[in-house]
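Chemist: Chain V: place on chain F using the hints.
Protein chains: 2
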Amino acid sequence: MAKPLDYENLNENIKKCQYAVRGELYLRASELQKEGKKIIFTNVGNPHALGQRPLTFPRQVIALCQAPFLLDDPNVGLVFPADAIARAKHYLALTSGGLGAYSDSRGLPGIRKEVADFIERRDGYPSDPELIFLTDGASKGVMQMLNAVINGASDGILVPVPQYPLYSASIALLGGSLVPYYLEETANWGLDIVNLRQSVAQARSQGITVRAMVIINPGNPTGQCLSEANLREVLNFCYQNNLLLLGDEVYQQNIYQDERPFISARKVLMGMGGPISKELQLVSFHTISKGFMGECGQRGGYFEMTNISPKAVEEIYKVASISLSPNVPAQILMGIMVNPPKPGDISYDRYARESKGILESLRRRAQLMTDGFNSCRNVVCNFTEGAMYSFPQIRLPPKAIEAANKAGKVPDVFYCLKLLEDTGISTVPGSGFGQKDGVFHLRTTILPAEEDMPAIMDSFKKFNDEFMEQYEDHKGYSRM
Amino acid sequence: MAKPLDYENLNENIKKCQYAVRGELYLRASELQKEGKKIIFTNVGNPHALGQRPLTFPRQVIALCQAPFLLDDPNVGLVFPADAIARAKHYLALTSGGLGAYSDSRGLPGIRKEVADFIERRDGYPSDPELIFLTDGASKGVMQMLNAVINGASDGILVPVPQYPLYSASIALLGGSLVPYYLEETANWGLDIVNLRQSVAQARSQGITVRAMVIINPGNPTGQCLSEANLREVLNFCYQNNLLLLGDEVYQQNIYQDERPFISARKVLMGMGGPISKELQLVSFHTISKGFMGECGQRGGYFEMTNISPKAVEEIYKVASISLSPNVPAQILMGIMVNPPKPGDISYDRYARESKGILESLRRRAQLMTDGFNSCRNVVCNFTEGAMYSFPQIRLPPKAIEAANKAGKVPDVFYCLKLLEDTGISTVPGSGFGQKDGVFHLRTTILPAEEDMPAIMDSFKKFNDEFMEQYEDHKGYSRM
Chain F
1 MAKPLDYENL
11 NENIKKCQYA
21 VRGELYLRAS
31 ELQKEGKKII
41 FTNVGNPHAL
51 GQRPLTFPRQ
61 VIALCQAPFL
71 LDDPNVGLVF
81 PADAIARAKH
91 YLALTSGGLG
101 AYSDSRGLPG
111 IRKEVADFIE
121 RRDGYPSDPE
131 LIFLTDGASK
141 GVMQMLNAVI
151 NGASDGILVP
161 VPQYPLYSAS
171 IALLGGSLVP
181 YYLEETANWG
191 LDIVNLRQSV
201 AQARSQGITV
211 RAMVIINPGN
221 PTGQCLSEAN
231 LREVLNFCYQ
241 NNLLLLGDEV
251 YQQNIYQDER
261 PFISARKVLM
271 GMGGPISKEL
281 QLVSFHTISK
291 GFMGECGQRG
301 GYFEMTNISP
311 KAVEEIYKVA
321 SISLSPNVPA
331 QILMGIMVNP
341 PKPGDISYDR
351 YARESKGILE
361 SLRRRAQLMT
371 DGFNSCRNVV
381 CNFTEGAMYS
391 FPQIRLPPKA
401 IEAANKAGKV
411 PDVFYCLKLL
421 EDTGISTVPG
431 SGFGQKDGVF
441 HLRTTILPAE
451 EDMPAIMDSF
461 KKFNDEFMEQ
471 YEDHKGYSRM
Chain V
1 MAKPLDYENL
11 NENIKKCQYA
21 VRGELYLRAS
31 ELQKEGKKII
41 FTNVGNPHAL
51 GQRPLTFPRQ
61 VIALCQAPFL
71 LDDPNVGLVF
81 PADAIARAKH
91 YLALTSGGLG
101 AYSDSRGLPG
111 IRKEVADFIE
121 RRDGYPSDPE
131 LIFLTDGASK
141 GVMQMLNAVI
151 NGASDGILVP
161 VPQYPLYSAS
171 IALLGGSLVP
181 YYLEETANWG
191 LDIVNLRQSV
201 AQARSQGITV
211 RAMVIINPGN
221 PTGQCLSEAN
231 LREVLNFCYQ
241 NNLLLLGDEV
251 YQQNIYQDER
261 PFISARKVLM
271 GMGGPISKEL
281 QLVSFHTISK
291 GFMGECGQRG
301 GYFEMTNISP
311 KAVEEIYKVA
321 SISLSPNVPA
331 QILMGIMVNP
341 PKPGDISYDR
351 YARESKGILE
361 SLRRRAQLMT
371 DGFNSCRNVV
381 CNFTEGAMYS
391 FPQIRLPPKA
401 IEAANKAGKV
411 PDVFYCLKLL
421 EDTGISTVPG
431 SGFGQKDGVF
441 HLRTTILPAE
451 EDMPAIMDSF
461 KKFNDEFMEQ
471 YEDHKGYSRM
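In the order they appear, the protein sequences are chains F and V. The opening position of the first sequence corresponds to residue 1 in UniProt numbering, with each subsequent residue numbered one higher. The opening position of the second sequence corresponds to residue 1 in UniProt numbering, with each subsequent residue numbered one higher.
Source of the hints: derived by calculation from the structure; they are not laboratory data. Remember, it's a predicted structure, so these values are computed and weren't measured experimentally. Note that beta-carbon positions come from the ideal geometry of N, C-alpha and C, so glycine has one too. Fair warning: there could be bad hints in the mix.
As the list claims (entries may be wrong) - Computed beta-carbon distance windows for the label pairs: (1) F:Asn241 with V:Ala86: 58 to 64 Å; (2) F:Lys16 with V:Pro109: 24 to 30 Å; (3) V:Asp6 with F:Phe383: 39 to 45 Å.
Said to hold, decoys possible - To give an idea of the interface, some chain V residues facing chain F are shown, with a C-beta separation under 8 Å as derived from the structure: (4) Glu12; (5) Val44; (6) Gln60; (7) Leu92; (8) Ser96; (9) Asp136; (10) Lys140; (11) Glu295; (12) Gly297; (13) Ser321; (14) Leu324.
Excised from the complex, chain F in its bound form (with noise of 0.2 Å):
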């Protein structure tokens, strides 16, 4: 007889539920590891462990929060500078009983008054704090307006496809139906109404009711910018079709050209004025883990939420207060994120150099990757405009296809398999997010290390033209 936590017994949305970045290739990558092979981790956006360094100031502040003692300490000054102190001291006079009590299970409301002092600052309108809830990063704030939104298998998502699978995963984990709408590959990965019109009519007819819809901007796996006028089509849709809009902003400070810059939903929706920015509901999110900082393991996030009505905010608040609290480390370091040293602070040079050396690497890493990718035999790639991806299409041979079927593999989990064995490259299958039939990509962080990155990209390119060469017309697998 099967037991209660046998696999049979599981919960079937389990079962249902996918997670490549975490999948088939990260545990092999993992196995790989154990065995002594130098891996090199590029499924998850994950700067700290390819080397990135934490910027000094918001750790001098938390550690000092972590360490109340060390304020009384006469030798306090010789190792950490007197505004990290201070700040240290206006965090703690916010908690109820320093970083071992539970906060609000909104979270401190100090800090969410200084992210709502940055979100009027970024688009010029007023933000209110008990609107804003502090959350153990952005994936948890997701998953909790998924929860409030999906009622079961007749209530539907509008995701982008290729999208970040925790959208798909939550969803299946929910219960709730994914409705899938293409981004234009040959647009740079632009967003069409029209094809939005589709998927929701093609939903409908199936029973299904849309609830929601996603945008994740700047892109992921994708790396677009939205501009202002695709963002504000989007807004119009969502309100003519009575949706949510769930705006996945975790990337905001993570841009790479000029011509598009980061715009919020909510600013956008504000400047359109009207009933549509007095009614459209809009829950925006936004993480300590990406950006400059990449404080991915303090598990930090917070969301917004526009023109939600006081009676649903208390039933969130509700279910917030059954897990008590979002850690409140990270709660203090989203606070200095927000509301970073100024022109005139004792930390500000260093705070600002430490960032734009990070932000400048990144944009020159973006580059590179991209040229490197496109220098390589039936590999297409468009520029990483933002966020931390690259997402090349690779264009596999019909015998490459018939040699991963026979392998009982996907295709592109056949080629990034082989791409990790042969290099050491761990990249997620484009199938992992979705992508259109017969087209096969895959992602990759542009996060090693700068100098690192040219030996990567000729490592990759001396791989994929093998292995174009070994499956492309006159070298077919049948000769091997």
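Modeler: Coordinates of chain V only, in the frame set by chain F:
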């Protein structure tokens, strides 16, 4: 037309769930606090919020891990002891890029090993790190496991009543069925197997498949410690009924008597030998939030799985991977909790003194509170053998119940609200935990500072005895 996130459209399971620990009483207390009233928050086990100081050594280590650049600072030895420095280096070497990098979704392998070693030392049986997952607090782990076993409303979970409302709230959120079994107040909140059998039989007659049983040991809110004999009965009962046992053992360090020390469910299970010890599925939960560490705000916990098949473990791993990783700083605090300074270490004396001081004071406070409650009119209270709560029964006179009904309040909510308004003591009504019909309780933590305790109990007694005076026989409500 209702919008997607309007109350009418919200997930029905969210509307159903209740979490009294941060419910009406807490919200009213927060309001009063804003208005300037002094509130004693005893609604939640949050020791640092009530003045408990963090243990020094763990905070030194985590501060150094947050500021790794200090390890190269010639002055570091002036403010940190050598063993904290050594320990910080040890933990940083276990990470893959410091605290800012995501760890494995199960937690850092090196820390899971330290947890396994702790369990082995505690129980005398080996523990496998591959079956230990670190989490953002124990609550998150409990939710993960409930999510794994609950497929729908026909899946039942046996939960003690009175219970910690994490269970009722999570089961409601996941759409399962809570199957209550009553603890016997007159037998010091003991667990009666006959009662358990009846609960299961009744659930089955309603078409519910009971899949799991929760025990909270030491009890929350009831404070009892389960005896080895009692645990053996529970394990046999679960085995006979093919139930997964969820052992909430977060208060295992908080024991305030010598007759019944804490024994883990796993130790008893292993000691039973035979098929049961190789087949019964058990998941045990632990945390850094309770014990003498009390690091609630850092959000760290673990669960250990026993007799769960690798295929099911893999699915649980997959779901954990969607949130990427538990926060890394709290993982390190967990490492220190299970592997504290040893005799001979520089920091040993201080660590031992601090932790002993906290535990001994809690023991005295448990006694002070029980005695205080038992000195009040119409109040009876079992001694807090363990955990952090006192759960007195309040015998409300009929006229008080009448007055509550007239005010549209559950009688114990009515009592607790008046207590709050009069004294500033913020408790949780027994109805939030479940109790037998017509019997009323409240839960308070034993955490207020020891020196404040006599005044708090005096203030409670004064309120209670006046309340009883007002509503008892001779001075009825009608004459007010």
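Chemist: Given V:Val44 as an interface hint, is the shortest Cβ-Cβ distance to chain F below 8 Å?
Modeler: holds, 7 Å
Chemist: Could you tell me whether the CB distance from F:Lys16 to V:Pro109 stays inside 24 to 30 Å?
Modeler: Holds: the Cβ-Cβ distance is about 28 Å, inside 24 to 30 Å.
Chemist: Please verify that hint: V:Leu92, Cβ, nearest Cβ of chain F, below 8 Å or not.
Modeler: V:Leu92 check fails; min Cβ-Cβ to chain F is 11 Å, beyond 8 Å.
Chemist: Does the closest beta carbon of chain F sit nearer than 8 Å to the beta carbon of V:Ser321?
Modeler: Status holds, d = 4 Å.
Chemist: Lying within 39 to 45 Å: is that true of the beta-carbon distance V:Asp6 to F:Phe383?
Modeler: Because 41 Å falls inside the window, the suggested range holds.
Chemist: Does V:Lys140 hold up as a contact with chain F if the rule is Cβ-Cβ below 8 Å?
Modeler: Check passed: Cβ of V:Lys140 comes within 6 Å of chain F, closer than 8 Å.
Chemist: Taking the closest Cβ pair, is V:Gly297 under 8 Å from chain F?
Modeler: Holds, about 4 Å.
Chemist: Taking the least C-beta to C-beta distance, is V:Glu295 closer than 8 Å to chain F?
Modeler: At about 5 Å, which falls below the 8 Å cut-off, the nearest Cβ of chain F leaves the hint on V:Glu295 intact, so it holds.
Chemist: At the C-beta level, are F:Asn241 and V:Ala86 separated by a distance inside 58 to 64 Å?
Modeler: Holds, since F:Asn241 and V:Ala86 (Cβ atoms, about 60 Å apart) stay within the stated range.
Chemist: Tell me if the interface restraint on V:Glu12 is satisfied: Cβ within less than 8 Å of some Cβ in chain F.
Modeler: Where the cut-off is 8 Å and the nearest Cβ of chain F is about 6 Å from V:Glu12, the hint holds.
Chemist: Identify whether the interface hint at V:Leu324 stands, where standing means a beta carbon of chain F within less than 8 Å of its own.
Modeler: holds, 6 Å
Chemist: Using the nearest Cβ pair, does V:Gln60 come within less than 8 Å of chain F?
Modeler: holds, 6 Å
In terms of the numbered hints stated before, the structure departs from hint 7 and from no other.
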